[in-house]
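Okay, here's what each chain looks like letter by letter:
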Amino acid sequence: MSLHFIQEPLDKMPPAVVPTQPVTLNVNGQDQTIQIAPWTSLLDALREYMDLTGTKKGCDHGQCGACTVLVNGKRINSCLALATVYQGKKIETIEGLGAEDNLSPLQQAFVDHDAFQCGYCTPGQICSAQGLINEGRCKTEDEVREHMSGNLCRCGAYTNILSAVMEVLHDGQVVVDNGTLVTIPAQPTKSSSVS
Amino acid sequence: MNSFTLTQATAADEAVRDNTSHDGAAYLGGGTNLVDLMKYNLERPSHLTSLGLLPLTDITTLPGGGLRLGALATNADTAWHPEVEARYPLLSQTILAGATPQLRNAATNGGNLNQRTRCYYFYDLATPCNKREPGSGCSALTGPNRVCGVLGTSESCIATQPSDMCVALAALEAVVRVQGPDGERTIKFDDYHRLPGDHPEKDNTLNPGELVVSIDLPAEGYADHFTYLKLRDRSSYAFALVSVAVGLKMNGNTIEKARFALGGVAHKPWRDQEAEKMLEGQTASPDLFRQVAAKVFAEAKGYGEGSLHNSFKIELGKRAIVRALKQATEMSQVVNPNVFLNSNP
Chain A
182 MSLHFIQEPL
192 DKMPPAVVPT
202 QPVTLNVNGQ
212 DQTIQIAPWT
222 SLLDALREYM
232 DLTGTKKGCD
242 HGQCGACTVL
252 VNGKRINSCL
262 ALATVYQGKK
272 IETIEGLGAE
282 DNLSPLQQAF
292 VDHDAFQCGY
302 CTPGQICSAQ
312 GLINEGRCKT
322 EDEVREHMSG
332 NLCRCGAYTN
342 ILSAVMEVLH
352 DGQVVVDNGT
362 LVTIPAQPTK
372 SSSVS
Chain B
166 MNSFTLTQAT
176 AADEAVRDNT
186 SHDGAAYLGG
196 GTNLVDLMKY
206 NLERPSHLTS
216 LGLLPLTDIT
226 TLPGGGLRLG
236 ALATNADTAW
246 HPEVEARYPL
256 LSQTILAGAT
266 PQLRNAATNG
276 GNLNQRTRCY
286 YFYDLATPCN
296 KREPGSGCSA
306 LTGPNRVCGV
316 LGTSESCIAT
326 QPSDMCVALA
336 ALEAVVRVQG
346 PDGERTIKFD
356 DYHRLPGDHP
366 EKDNTLNPGE
376 LVVSIDLPAE
386 GYADHFTYLK
396 LRDRSSYAFA
406 LVSVAVGLKM
416 NGNTIEKARF
426 ALGGVAHKPW
436 RDQEAEKMLE
446 GQTASPDLFR
456 QVAAKVFAEA
466 KGYGEGSLHN
476 SFKIELGKRA
486 IVRALKQATE
496 MSQVVNPNVF
506 LNSNP
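From first to last, the protein sequence lines stand for chains A and B. Every letter in the first sequence is one number past the one before it in my numbering, and letter 3, counting from 1, is 184. Every letter in the second sequence is one number past the one before it in my numbering, and letter 290, counting from 1, is 455.
Keep in mind that the hints were calculated from the coordinates and are not lab data. Any given hint could turn out to be false.
Partner residues are not named here, just some residues of chain A that face chain B (Cβ under 7 Å, in silico) [as the list claims (entries may be wrong)]: (1) Gln-202; (2) Ala-280; (3) Glu-327; (4) His-328.
If you anchor each label on the Cβ, the simulated ranges turn out as follows [said to hold, decoys possible]: (5) A:Thr-234 to B:Arg-455: 55 to 61 Å; (6) A:Gly-300 to B:Asp-289: 44 to 50 Å; (7) B:Gly-189 to A:Lys-320: 36 to 42 Å; (8) A:Cys-240 to B:Gly-471: 26 to 32 Å; (9) B:Glu-250 to A:Pro-200: 53 to 59 Å; (10) B:Gly-417 to A:Gly-269: 32 to 38 Å; (11) A:Cys-240 to B:Gly-446: 38 to 44 Å.
Values in this document were obtained by computation on a predicted structure and should not be read as measured data. Backbone N, C-alpha and C fix where the C-beta goes; we use that ideal spot for every residue, glycine too.
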């Protein structure tokens, strides 16, 4: 008994023609040129074309905030952004905020306050909190809660996320956004809050 | 998502030419609604005219004292613009009551006007929806319809316009300036969105190819007596079940001028000019507010009882009007209502 294919085997079909074009994005201070289609999201460009997998894909619909990055210092959902139209802008991801041996104040505060469990939402939380600080609008816990409402945490680490953000706010690290990329200088590691 | 081509226009006339020269083209603003709809295959444009490079991001004072909001200014930049905060705090607070910081940083003013409904059935490709597929039927008439409208509905559609910002723009009597293949024209805000009637697939009165270039605010911003009351299922990042934007001019306890609009109840921001007139020249009082609320909802139609259906919006809407008018006359709302929007006054 022989098998009969009603469709040509895949290896004999011509490859699909995807109309890609070179797109240059400035990410974490460096220009990178990638070859992408017009429908490639900024999130996919970062993760699949630039190997910057710190930015996470959660809902892919702008509801969870896991994909939050900073564009010209302002936080956006990279899943709803088409990468092509972000040429010429300064994009900053979690990888650009600090390094393993030189954490940013927010990164360090998240460690100090145990502001995560599984960690999946954390890059988005930190980028969003950095955007909140850049905006310079929030002072109280209620204001921070409201202005972090675009970032969901399935583990429910909200209490510690809030305390981490509040600590950095209270350290006077508020940077007024002037339309340019803002990075807060790293601080020395803080000791535990246990006295 | 379907495949498409994309052009980045640098001027409004160039954008209109690009858009009208491609079949099945759409304008791309901030993308927060359109890209999402494309991921659901609810919108399938074959071409996108990107507006990101258009010089329409400025907010400028108009000769008569009004304020021009560029169509490509983001919702966040608009809400936090010093002129908007000082002279149109109703608009500022209304914008901040919607979406999330990330969305407001990308979403544009023009795009806010053109966002589609969040009716469950519009998003569910497995169910009939006249707005998505004309002639297929309306699943919301009998299905769970908690988010749907009770005013100006039709048997074809009971979807609501979801914007917060538009509710304030209706109360402020904004004017939408559009550019199309035949030049420029202005549309009064009341005439911009439409009721569903037999054509719920049409959200607004734009002609093919027309592009919003600015939203113009009149000089009066009601900065002394205003409120935006938004009632929703959770205290942040949720669409309004019922919302009320109020702007008043007061002389002592007498209401000299009243403008208000409702969100979450209709296919467009709902204004009732007869109800507004009932307030003018009158002394502010709970009885008056209740009469006005009754007038607004006199012809309301609910579509089923219980928590899954929307008849509750009629009583909720009346109470929201009374409370919002009280807050605006007394300016008794908490100073930063985007934080404490749902706390009791």
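Hints versus structure:
1. Gln-202: Where the cut-off is 7 Å and the nearest Cβ of chain B is about 9 Å from A:Gln-202, the hint is violated.
2. Ala-280: violated (25 Å)
3. Glu-327: holds (5 Å)
4. His-328: Holds - the Cβ of A:His-328 comes within 7 Å of chain B, reaching about 5 Å at its closest.
5. A:Thr-234 to B:Arg-455: 55 to 61 Å: This hint holds: roughly 58 Å between Cβ atoms.
6. A:Gly-300 to B:Asp-289: 44 to 50 Å: Given range 44 to 50 Å: violated, Cβ gap about 33 Å.
7. B:Gly-189 to A:Lys-320: 36 to 42 Å: violated (48 Å)
8. A:Cys-240 to B:Gly-471: 26 to 32 Å: holds (29 Å)
9. B:Glu-250 to A:Pro-200: 53 to 59 Å: Violated - the Cβ-Cβ distance for B:Glu-250 and A:Pro-200, about 44 Å, lies outside 53 to 59 Å.
10. B:Gly-417 to A:Gly-269: 32 to 38 Å: violated (55 Å)
11. A:Cys-240 to B:Gly-446: 38 to 44 Å: Hint violated: Cβ distance 51 Å, outside 38 to 44 Å.
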